[in-house]
Amino acid sequence: MTEMRALLRFPAQRKLVVANCPVPEPGSNGLLVKTGYSLVSPGTEFQQVSQTRASLLRKAWQRPDLVALVFSHLKSEGLNRTRQRVENRLAHPMPMGYCAMGRVVATGDNISRFTPGQRVAIAGMGSANHAEWNRVPVNLTCPIPDAVSDQAAPFATLYALALHSLRQGETVIGHQIAVIGAGLIGRLVAETAYAAGAKVTIIEPDPTRRHLASESSTYKCTDRAQDAAANRFDSVYICTQSTKPHRLIDEAARLCRDRGIIVCVGDVPPNGTRKKLYEKEITIRQTRSYGPGRYDPNYEARGEDYPIGHVRWTINRNMEAALDLMADGRLDPSPLITSEISFSEIADHFAKGSDPSQLGTLVRYDEDQPPLQTTRTGNSRRHPRHKANTENHIKLGLIGAGNYLGGSLLPILRKHDKIQITACCSQTGLAAVSLLQKLGGVKAHASVKSLLEQPDINSVLITTRHDSHATLAAQAVAAGKHVWVEKPLAIDHAGLNLLREHAHTDAPGRIFMVGHNRRYAPMSEKLREKIPTGIKQFRYRIRTRPLPSDHWVRRSGQGGRTIGEISHFIDLIISLTNSELIKLTCQWIDRKAGDSIWQMVFADGSYGEVSYLQGNRHDPKEMLEIDAPNFTACLLDWKKLEINGRVVMRNRLAQDKGQAAAIDTFARAITSTLPPVLIPSIMDEIDLMARILRAANTGIDQ
1 MTEMRALLRF
11 PAQRKLVVAN
21 CPVPEPGSNG
31 LLVKTGYSLV
41 SPGTEFQQVS
51 QTRASLLRKA
61 WQRPDLVALV
71 FSHLKSEGLN
81 RTRQRVENRL
91 AHPMPMGYCA
101 MGRVVATGDN
111 ISRFTPGQRV
121 AIAGMGSANH
131 AEWNRVPVNL
141 TCPIPDAVSD
151 QAAPFATLYA
161 LALHSLRQGE
171 TVIGHQIAVI
181 GAGLIGRLVA
191 ETAYAAGAKV
201 TIIEPDPTRR
211 HLASESSTYK
221 CTDRAQDAAA
231 NRFDSVYICT
241 QSTKPHRLID
251 EAARLCRDRG
261 IIVCVGDVPP
271 NGTRKKLYEK
281 EITIRQTRSY
291 GPGRYDPNYE
301 ARGEDYPIGH
311 VRWTINRNME
321 AALDLMADGR
331 LDPSPLITSE
341 ISFSEIADHF
351 AKGSDPSQLG
361 TLVRYDEDQP
371 PLQTTRTGNS
381 RRHPRHKANT
391 ENHIKLGLIG
401 AGNYLGGSLL
411 PILRKHDKIQ
421 ITACCSQTGL
431 AAVSLLQKLG
441 GVKAHASVKS
451 LLEQPDINSV
461 LITTRHDSHA
471 TLAAQAVAAG
481 KHVWVEKPLA
491 IDHAGLNLLR
501 EHAHTDAPGR
511 IFMVGHNRRY
521 APMSEKLREK
531 IPTGIKQFRY
541 RIRTRPLPSD
551 HWVRRSGQGG
561 RTIGEISHFI
571 DLIISLTNSE
581 LIKLTCQWID
591 RKAGDSIWQM
601 VFADGSYGEV
611 SYLQGNRHDP
621 KEMLEIDAPN
631 FTACLLDWKK
641 LEINGRVVMR
651 NRLAQDKGQA
661 AAIDTFARAI
671 TSTLPPVLIP
681 SIMDEIDLMA
691 RILRAANTGI
701 DQ
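Residue numbering for the sequence shown follows this note's numbering, starting at 1 and increasing by one per position.
The list that follows gives simulated cross-link-like pairs (lysine-lysine, BS3-like), each with its CA atoms no further than 27 Å apart:
#, residue 1, residue 2
1, 583, 621
2, 418, 395
3, 487, 395
With beta-carbon atoms standing in for the labels, derived distance ranges:
#, residue 1, residue 2, range
4, 548, 230, 37 to 47 Å
5, 548, 20, 29 to 39 Å
6, 312, 580, 53 to 63 Å
7, 412, 205, 52 to 62 Å
8, 403, 440, 21 to 31 Å
9, 20, 698, 47 to 57 Å
10, 288, 620, 37 to 47 Å
11, 227, 557, 50 to 60 Å
12, 15, 403, 19 to 29 Å
13, 283, 173, 19 to 29 Å
Think of the hints as simulated: they come from the structure by calculation, not from any bench.
Please read all numbers here as calculations on a predicted model, not as lab measurements.
Cβ coordinates follow ideal geometry from the N, Cα and C atoms, glycine included.
Let the hints inform the model, and build the full structure from the sequences given.
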C-alpha cells in the first residue's frame, strides 16, 4: 500500500476533506504506526475548522506571519511574487487531530525499543493525525499496557496535558482547586486532580455540560464563578475560552487564596486587573501542551530525551504515567466517550458543528487493510540506475515541497514548455499533497527511494532542508538522474565526500546544477558583457534580516545561516571574474549570528570581498560594487544596475535574481546537445563548497 486517507484542512480553499496522501516513512528517529483509534478534541479541533473556513481577511488577522510576509516581500519582489508566496503558504494542507493509538508497522534506523505489531499511544499535532497511518517521533510514542483498551489509549495525550497542567498549578493531595470549563479538557483536569487527592469544584455556565459533570458525585458544580467561595482555592484552572479573557482572569483571581496560582490551560491571554492580582500576589502560568519537550526539535525530531534527574516529567513520561494510571483503574476515560464514529464519517462529524453534549468522540479505523510492506530507512541504500531520458522533454520529480519551491520556483517550472512535473515527495507526504491541488497528473510520494526508482523521471529538483542536500543529491546521481539541488550543496565534509564518491562513477552525461541563480540573472549577463579583462576589485555587501528564533535554519545540524547562503555570493563573483580562485579566507565577527567577512584572491590578481552582516530594514539587502581601470559598476538589490555612472538596467516592479534564467539554463542543458557553458561541473561545485567549509572552520583555504 502506498496511499492512505487523512483528514486535512485546506485554508486557501476554506474546506475540510478526507484526502488521499502518500503513506509516510518512519524516518530515522520515528515510527510508522497504523492507526486503530483517534480522538477528537472538540475545543481545539472545532476552532481549527472555524479558522479554516474563515475569510481571507480573518485569516490574515489570525495569521500575523502572512501579514509580515506581505510587508517584507512586497517592496522587493513585487505584487505578483508576493501573492504567489502567500497563496503557496495558504495552499499547504494541514492535518487534523493529535491524540491516537495504533500498532507499530516499521521503525527508523535509530529506534530499538519498539517492535512491529506493538500497541502504542501517539501524540502531537502533525504526528497523531486523523489518518490511516501516522509517522510519529519516538518521544511522542508510548507503549500501551495490556490492561488499557484500544478505546481508552488515545486519551493518554490529553491526560498528559492534564498532568502537566496540575504540575504547573502545583496541585497536591488536600488542595482545593477550581476548574473553569467542563468540556473534555476541563473534565480530564478535574478527574486527574481528584485522583491526585485534591478537592475539585467545577464552574460551567453551559447547562448541558454542567449536568454531565454533576452526574459524578466526585465534584461540586456551579454555573457561575460568583457562586463559588472567594479566597478559597489553591489553584484555578481555566479550561475554556471567552470573548472577555480579562474577565476570566479576574474571576479566577477572586477565587484564589493568597499567593494562589491561576493556570491558563485553554487559549486564554494571561491578562487581568493588576490590583486584583497584586493584592494576593497571584501567579499566572500557561500550559504548553503535554509537558517539557514539546516544540523542541532536539526532543521531538531527533529523539533526544531529557535526563530524568533534571526534567522529571517530560511529554513521554507524562503519557506513560497516564497509561499506568488507566491500567490501575485510577483514571477512567470511558464516561467521557460520548460517541464513536468510523473514519469514513469524520468529515460529516465536523460539518455538523460543535455540540456541548459531545465530549470525547472516538474515531474507529478499518482493520481489513493488508499489511504495509516497508523496511527501516537508511541513507546508504543505492538506487537502481535508469538511463536518463534524452528526448526534448524533462520529466521532473520534486524532492521537497516547502515555501521556497512553492512560492519562487514552482510558478516558473509550471510555465516552462520543456518541463513536465510528474512526481513530488516530501518528508511526511502532506506538503506534496498541496502540489496535487495545483498540478494535474502528478503523483505524490512520501519516499525519495520510490520517486528515484521511477524510470520515466529523468530529472530531480531538491529543495529540502540543508542537512539533507548532499545525501539526496548523491542518491539522485546514483539513480542516473539530472540533478538540480538548492544551495548549500552540503553542510559538512562527510556529505561532500559521499557526493564526490558518486560523482566519479555516476555523474558522466548527467547535468548537475546547484541553485546559484544569481550568476544567471539578466543583470549578471549585462555585467559579463561590459566588465573588462584584467585585475578587478569586487565588494559585495549583504545585510541580513533576523530570522525567528524557532526558524529551522537556526537549529543545530543545519549548518547555520551563513553556510546556507554564502556560496550564492561567492559563486557570483567567481562567475564574473572568469579566473581561478586561489585563496579564500573567512573572518568571523559573530559566528552565532552569522556575521562574517569573506575575502577572495584570484589567479589574475583580482580581489573580492563579501561582508555578510546583520542590517536594519532600511539598508539594501545586497549591493555589489566592481572597480577596475576606467570601469565602475554598482548592482543595487537586483533592481538597478549602474555602469560608469549610468543606469543600464532597472527592474521597477520586482527583483530578478535569475531563478527563471537558471531553470531555463538547466532545461536547455538537458534537452540540447550544446555544452552547458555557464554551469560549473559537479566537481567544481564540490570543490567550492569544500573550500567554503574549510575557510569557515580554519579561517583560510588555499
